[in-house]
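> These are the residues of each chain, in order.
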Amino acid sequence: MSEEILFDCLHAEIVNYCLDSNKEHDLATLEYIGFTTGYRLIERLTREVSRFKDELETMKFICTDFWMLIYKKQVDNLRTNNHGMYVVQDKAFRFLTRISPGTKQLEHAPKFVAFTCGLVRGALSNLGINSTVTAEVQSIPACKFHIEVNRN
Amino acid sequence: MSRQASRLDAKKVNSEFLTLTYGALVTQMLRDFENAEDVNKQLERIGYNMGMRLIEDFLARTSAPRCLEMRETADRIQQAFRIYLNIQPTISNWSPASDEFSLVFDSNPLTEFVELPPDLTNLRYSAILSGCIRGALEMVQLEVQCWFVQDQLKGDNVTELRVKFVRRLEEVIPAGED
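Residue numbers (UniProt numbering), protein chains in the order written: chain A, 1 to 152; chain B, 1 to 178.
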């Protein structure tokens, strides 16, 4: 997959750019780049797809089709408490698979998942779901995304 | 669920994903910097860094031997565009000394959804491409200059990227260290 390496390189450069240009070293810019990308991308992806009947179906779309296209695999697990909390687990997350596993690298993990947090939030936002997305990395390359739907 | 997947063309989505992400990056840079020249520089630098990494993948993938003259190099660059961006630029306008040529693009996936507002005429939106070529060639000891002659975003019929051989780099300096 030749486009994959191209995107991986671009992603790495975006991460560097956002952290260099940002003195506070926060990941908001990176997340926002993901957000606008996700927001626009999902619009094109769902053009031919029939309307999702509920929130769960939307989440399933994100975890299967969307994930498959972007991360070349489906998520390994999707869990929900049926009250607007969803946990998406990917045991070999694309942007973490090139990092050597080990606790030493763990502190670098947040910058490789911030773009995706934004991407998912942006995609959901355009599908009418206002959410907060955070990521949790306990051991590279596995990653858990927590999606909290804001219902107010 | 698989019913839906079949309707989505993975190749097209990949390309659109790249295009949109790149667009988001350029937009962010325009917010971060006052003038377009600075953005051009940043994009060029990012391209340069990417080129340095992509050349390794390219060499591994194609097992291409060393180029002996610029015409071979031009062919390789053309091949790289086909592999990574799925577009085939035309090689033309060779200088008499065969040290300078143009890559002419009928279409550019990076600018697929882009329209430049009138106040950004000096933004080189696709500067990442010229940076990429420079970075990649520098890793194989070729110093080149690379610039845009025509750009579809600015109303030209085609996008034309000029590549000029500068010199062969003799000693290998560790890259990326300023």
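These aren't lab readings, by the way, just hints derived from the structure by calculation. For each residue, glycine too, the CB sits at the ideal point set by N, CA and C. Certain hints may be false.
[Stated by the list, open to error] Computed spacing ranges between beta-carbons, pair by pair: (1) B/Gly-155 - A/Glu-43: 26 to 32 Å; (2) B/Cys-67 - A/Ala-142: 55 to 61 Å; (3) B/Val-140 - A/Leu-106: 33 to 39 Å; (4) A/His-108 - B/Leu-169: 40 to 46 Å; (5) A/Arg-79 - B/Asn-122: 46 to 52 Å.
> Next, verify each hint and record whether it holds.
Now the hints, each set against the structure:
Between B/Gly-155 and A/Glu-43 the Cβ separation comes to about 28 Å, which falls inside the hinted range of 26 to 32 Å. For B/Cys-67 paired with A/Ala-142, a C-beta distance near 43 Å fails the hint of 55 to 61 Å. Distance hint check for B/Val-140 and A/Leu-106: the Cβ-Cβ separation is about 36 Å, which falls inside the suggested range of 33 to 39 Å. Our hint of 40 to 46 Å for A/His-108 and B/Leu-169 is violated, since their Cβ atoms are close to 32 Å apart.
Restraint check, A/Arg-79 to B/Asn-122: a C-beta distance of roughly 51 Å satisfies the suggested window 46 to 52 Å.
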